[in-house]
Amino acid sequence: MKENRILEVNHLDLSFRLGNEVNHVIRDISFHLNQGETLAIVGESGSGKSVTTKAILGMIDDNGFLGKGEILFRTSRTGKEDEIVDLTKKDKKYMQKYVRGSKIAIIFQDPMTSLDPTMTIGKQIMESMLEHKKVASKKEAMAKTIQLLDLVGIEQPEKRVRQYPHQLSGGMRQRVVIAIALACEPDVLIADEPTTALDVTIQSQILELIKDLQKKTGVSIIFITHDLGVVANVADRVAVMYAGKIVEEGLASEIYYDPRHPYTWGLLSSIPSLDGQDEEIYSIPGTPPNLIDPPKGDAFAYRSEYALEIDFEEQPPMFQISDTHFAASWLLHPSAPKVDMPLVLAKRIAAFNERRSQE
Amino acid sequence: MSANVLLEVKNLSQFFRIDRHTTIRAVDDVSFHINEGETFSVVGESGSGKSTLGRTLIRIYDAHSGSVTFMGREIGGKLSSDSRKFLRKNMQMIFQDPMASLNPRKKVLDAVAFGLDINHLSGDKNERLDKVVKVLKSVGLSEDHLTRYPHQFSGGQRQRIGVARALIMEPRFIICDEIISALDVSIQAQVINLMRRLQKEHGLTYMFIAHDLSMVRYLSDRVAVMHLGHIVEMGTVEDIYEHPLHPYTKSLLSAIPHPDPDAEKDRKRFVYIKGGVDYNIGTIRQLSDTHSILATDEEFSRWQQNDYSLFLK
Numbered sequence: 000m001k002e003n004r005i006l007e008v009n010h011l012d013l014s015f016r017l018g019n020e021v022n023h024v025i026r027d028i029s030f031h032l033n034q035g036e037t038l039a040i041v042g043e044s045g046s047g048k049s050v051t052t053k054a055i056l057g058m059i060d061d062n063g064f065l066g067k068g069e070i071l072f073r074t075s076r077t078g079k080e081d082e083i084v085d086l087t088k089k090d091k092k093y094m095q096k097y098v099r100g101s102k103i104a105i106i107f108q109d110p111m112t113s114l115d116p117t118m119t120i121g122k123q124i125m126e127s128m129l130e131h132k133k134v135a136s137k138k139e140a141m142a143k144t145i146q147l148l149d150l151v152g153i154e155q156p157e158k159r160v161r162q163y164p165h166q167l168s169g170g171m172r173q174r175v176v177i178a179i180a181l182a183c184e185p186d187v188l189i190a191d192e193p194t195t196a197l198d199v200t201i202q203s204q205i206l207e208l209i210k211d212l213q214k215k216t217g218v219s220i221i222f223i224t225h226d227l228g229v230v231a232n233v234a235d236r237v238a239v240m241y242a243g244k245i246v247e248e249g250l251a252s253e254i255y256y257d258p259r260h261p262y263t264w265g266l267l268s269s270i271p272s273l274d275g276q277d278e279e280i281y282s283i284p285g286t287p288p289n290l291i292d293p294p295k296g297d298a299f300a301y302r303s304e305y306a307l308e309i310d311f312e313e314q315p316p317m318f319q320i321s322d323t324h325f326a327a328s329w330l331l332h333p334s335a336p337k338v339d340m341p342l343v344l345a346k347r348i349a350a351f352n353e354r355r356s357q358e
Numbered sequence: 000m001s002a003n004v005l006l007e008v009k010n011l012s013q014f015f016r017i018d019r020h021t022t023i024r025a026v027d028d029v030s031f032h033i034n035e036g037e038t039f040s041v042v043g044e045s046g047s048g049k050s051t052l053g054r055t056l057i058r059i060y061d062a063h064s065g066s067v068t069f070m071g072r073e074i075g076g077k078l079s080s081d082s083r084k085f086l087r088k089n090m091q092m093i094f095q096d097p098m099a100s101l102n103p104r105k106k107v108l109d110a111v112a113f114g115l116d117i118n119h120l121s122g123d124k125n126e127r128l129d130k131v132v133k134v135l136k137s138v139g140l141s142e143d144h145l146t147r148y149p150h151q152f153s154g155g156q157r158q159r160i161g162v163a164r165a166l167i168m169e170p171r172f173i174i175c176d177e178i179i180s181a182l183d184v185s186i187q188a189q190v191i192n193l194m195r196r197l198q199k200e201h202g203l204t205y206m207f208i209a210h211d212l213s214m215v216r217y218l219s220d221r222v223a224v225m226h227l228g229h230i231v232e233m234g235t236v237e238d239i240y241e242h243p244l245h246p247y248t249k250s251l252l253s254a255i256p257h258p259d260p261d262a263e264k265d266r267k268r269f270v271y272i273k274g275g276v277d278y279n280i281g282t283i284r285q286l287s288d289t290h291s292i293l294a295t296d297e298e299f300s301r302w303q304q305n306d307y308s309l310f311l312k
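Order-wise, the sequence lines are chains W and G.
Take the first sequence: its position 156, counted from the start at 1, is 155 in numbering that gives the first Met the number 0, and no numbers get skipped.
Take the second sequence: its position 46, counted from the start at 1, is 45 in numbering that gives the first Met the number 0, and no numbers get skipped.
Watch out, some of these pointers could steer you wrong.
What the hints assert, rightly or not - Below 27 Å or equal to it, Euclidean Cα-Cα: the simulated DSS-like pairs (lysine-lysine) are:
1) G:K267 with W:K215
2) W:K158 with G:K312
3) W:K346 with G:K264
4) W:K214 with G:K312
5) G:K84 with W:K214
6) W:K210 with G:K273
7) W:K210 with G:K312
8) W:K346 with G:K273
As the list claims (entries may be wrong) - With the Cβ distance kept under 8 Å, some of the chain W side facing chain G (calculated, not the full set):
9) D12
10) E20
11) V21
12) S203
13) G228
14) G265
15) L267
16) S269
17) I283
18) T286
Hint data in this document are derived by calculation from the structure and do not stem from the laboratory.
None of these values were measured; they are calculated from a predicted model.
From the three backbone atoms N, C-alpha and C, an ideal C-beta is built for every residue, glycine too.
Make the full structure from the sequences, and use the hints.
This is the structure:
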C-alpha cells in the first residue's frame with residue numbers, strides 16, 4: 000500500500016445467500032482512499048455503494064459472505080508503529096474493539112433512526128468515548144461532548160446535552176449524529192447519504208460543516224450519494240458505481256468536466272440544468288439489472304444507447320485516461336467507433352469550460 | 000398560458016392548537032391564485048407550512064379561516080355533499096412516500112380503482128378493469144402489474160401507481176406533495192417527464208410542493224416561496240430565480256448545489272438570519288404584475304437598495 004493511502008480495497012467480492020440463490024452485489028471492486036481526502040461513491044439504489052462501506056466496517060448480515068479480495072487499512076495502536084491490517088481477515092470482536100466507531104465511523108442517512116429516542120444526546124455522544132476508553136472519567140467525557148457539540152455548530156451546548164432527539168430539528172439531529180461519529184477521533188469517516196433526508200438549506204449547511212471538520216481534524220471521508228449534483232462541492236475524487244462494479248473513477252474535475260462512461264453521462268444529464276427549461280430532462284431508461292444472475296458483459300449495456308456488440312459479450316477492463324482517471328467502457332478502446340456524449344451534457348460542459356477559460 | 004383562474008385562495012389560515020398556551024400558525028393569511036393549465040410551485044424548508052397548505056386545499060384539514068374558490072365554487076367552508084363529490088373528483092393529491100401511501104395488502108388493481116369504487120363511478124367489472132388498465136398504460140405500467148402488490152415494485156414504479164391513482168378520477172387539478180424527493184436522481188427525471196407529458200395530454204393544472212429548487216425551476220410557471228406559514232415572495236420562474244428580492248429567497252437559491260466543482264469552490268452561500276423579519280407586520284407589495292413580496296416599508300426600501308446586512312450572513 001502506498002504511503003499516503005489510509006484504506007485500500009482490492010478485488011473485493013461480496014454476495015448474499017437468498018434461499019437457493021446467490022445475490023452477487025459487489026463484483027470485483029478496487030478503490031483506495033488517500034489520507035485527508037474526500038472520496039465520493041455515487042450510484043443508484045442497489046448499485047452496491049452502501050454495502051461496500053458495510054463490508055469495510057464488518058457489518059455484513061449473516062447471509063452475506065466475502066469471496067476473494069482484501070480490505071487493507073492503515074491503523075495504529077497507542078505506542079506502536081503504524082501497521083497495515085486486512086479487515087476481511089479480522090473477526091467481529093476485533094472489528095468492534097479496534098475499528099468500528101474508534102478508527103472508522105459512519106453517519107447514516109436518517110438521523111431519527113440512528114439516535115436512541117430514550118437517551119439524552121449528551122449520553123449518546125459520551126457512550127462511545129467511554130466504551131473505547133478515550134477519556135479517563137465521565138466528567139472529562141462531558142467536557143469533550145460539549146466541545147464536540149460546539150464544533151458541529153450547535154448553539155448553547157451545555158443546555159443541549161440534556162435534551163432528547165425529539166427536541167431537535169432534523170438538521171440539528173444530523174449534527175448530533177456527526178458529533179457521535181467524531182467522538183473517538185476516527186481516521187476515516189463514512190457518510191452514507193448524510194443529507195438526503197434534509198432540505199436544501201440544511202443540506203448545504205451540513206456539507207459545509209463536513210468540509211470544515213475535515214479541515215480542522217484531517218479526517219479522511221468516504222461520501223456516499225445518489226446525486227452527483229450534491230458532491231461537486233465536497234469531493235476530491237469520485238467513483239461511480241453501477242451493478243456492483245466501479246465503472247468510472249477520477250478527480251472531481253475529471254468526472255464533471257470530462258466524463259467518459261455512458262452511465263456517468265446519464266447520471267450527469269439527469270440533473271436538470273439551472274439555465275433554461277429544456278423540453279425533457281434526460282432520464283436513464285430501464286432499471287438496474289438483477290444481480291442474482293448478473294449480465295455477462297457490461298451491465299449497463301442493456302440501458303445504454305451507446306452499447307457496442309462486445310458490451311454484451313465481455314466485461315470491459317478499466318481503461319486509463321490519465322494518472323487518476325479510469326473508466327470501464329469499450330468505447331475507450333482504440334478501435335471503438337467515436338461517439339459523443341448526450342447533447343445536453345456536452346452543452347453544459349462547454350459552458351463550464353468557457354467560464355473557466357474566462358477566469 | 001391561459002388567464003382563466005382555476006383556484007383562488009384568499010386570506011387562508013390554518014392553525015393547530017397544541018394546548019391552552021400554544022397555537023401553531025402553520026399557514027398564516029395566505030392569498031394566491033393558480034391559472035388553468037399552469038404549474039404552480041410552493042417551495043420552502045421543512046416546517047414552512049407548504050404541505051399543510053396543500054392538505055388544507057384538498058380538505059384533509061378544515062381551514063381555520065379564509066376562502067378557497069375552485070372552478071368557480073367555494074370550497075373553503077362547510078361542504079355540501081354535492082360540492083364534496085365535485086371536489087373529490089376534480090382535485091387529487093399525490094404524496095411523497097409511495098410506500099406509505101399504498102395499502103400493502105391491496106393489489107394494484109384495487110388500489111388504483113379505489114377512488115372510483117368509493118365514488119360509485121367504477122361501473123361493472125369490465126368497465127372498471129378497462130379504466131384501470133388504460134390509466135396504468137398512460138403512466139408507463141402494464142397489464143401484468145395489475146395483480147401485484149406494492150412491495151413488488153421499485154420506488155419509481157410505486158410513484159407511478161400513485162400518479163395512476165390520482166389520474167383515474169380524471170381530475171382537473173393535482174397537488175403533488177414532494178413526489179420526487181424520495182427517489183433516485185435518475186428516476187426523478189422519469190417521473191417528472193411523465194408528469195409533464197400527462198399535463199400536455201390531459202390539460203392538467205399542477206400545484207407542486209417541493210424543496211428541490213432546481214427541479215422546481217425546470218417544471219414551473221409560477222413559484223411561491225413560503226416561510227413560517229407566510230408566502231414571502233411570489234412570481235414567475237424568471238422573477239424568482241433571476242430577480243429575487245426577499246432575503247429568504249436569496250438564501251434558498253444560494254443553497255442549490257451545482258454539478259460544477261470549480262464554481263462550487265468559491266461560491267458564496269447566504270444564511271438567513273432568523274427573526275430578522277417579522278412577517279406579521281409586513282404587507283404584500285407588487286413589484287410587477289406577476290411579482291409580489293411580503294415586507295414592511297423599511298425592509299422594502301432596504302432590499303431595493305440591495306442592503307441585506309440585517310438579514311443575511
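Against the structure, the hints come out as follows:
Restraint check: the Cα-Cα separation between K267 (chain G) and K215 (chain W) comes to about 20 Å, which is no more than 27 Å; the hinted pair holds. With a C-alpha separation of about 25 Å, the suggested pairing of K158 (chain W) with K312 (chain G) holds against the 27 Å cut-off. Restraint check: the Cα-Cα separation between K346 (chain W) and K264 (chain G) comes to about 21 Å, which is no more than 27 Å; the hinted pair holds. Distance check on the hinted pair: K214 (chain W) and K312 (chain G) sit about 21 Å apart at the alpha-carbon level, within 27 Å; holds.
The hinted pair formed by K84 (chain G) and K214 (chain W) fails the criterion: a straight-line CA distance of about 60 Å is larger than 27 Å. Restraint check for K210 (chain W) and K273 (chain G): satisfied, since their Cα atoms lie roughly 24 Å apart, inside the 27 Å limit. This hinted pair checks out: K210 (chain W) and K312 (chain G) have alpha carbons roughly 19 Å apart, not beyond 27 Å. Proposed proximity of K346 (chain W) and K273 (chain G) is contradicted: the alpha carbons are some 39 Å apart, above 27 Å.
With 8 Å as the threshold, the beta carbon of D12 (chain W) stays out of range of chain G, its nearest partner Cβ sitting at about 25 Å, so the hint is violated. Hint status for E20 (chain W) relative to chain G: violated, with the closest Cβ pair at about 17 Å, above 8 Å. Given the 8 Å rule on beta carbons, the hint for V21 (chain W) is violated: about 21 Å separates it from the nearest Cβ of chain G. Satisfaction of the interface hint for S203 (chain W) is found here, the shortest Cβ-Cβ separation to chain G being roughly 4 Å, below the 8 Å cut-off.
The closest approach between the C-beta of G228 (chain W) and any C-beta of chain G is roughly 5 Å, which is under the 8 Å cut-off, so the hint is satisfied. Proximity of G265 (chain W) to chain G holds as hinted, the smallest CB-CB distance being about 7 Å (cut-off 8 Å). This hint holds: L267 (chain W) has a C-beta 6 Å from the nearest C-beta of chain G, less than the 8 Å allowed. This hint holds: S269 (chain W) has a C-beta 4 Å from the nearest C-beta of chain G, less than the 8 Å allowed.
A hinted interface residue such as I283 (chain W) counts as satisfied when its beta carbon comes closer than 8 Å to some beta carbon of chain G; here the least separation is about 4 Å, so the hint holds. Nearest Cβ of chain G to the Cβ of T286 (chain W): about 6 Å, under the 8 Å cut. The hint holds.
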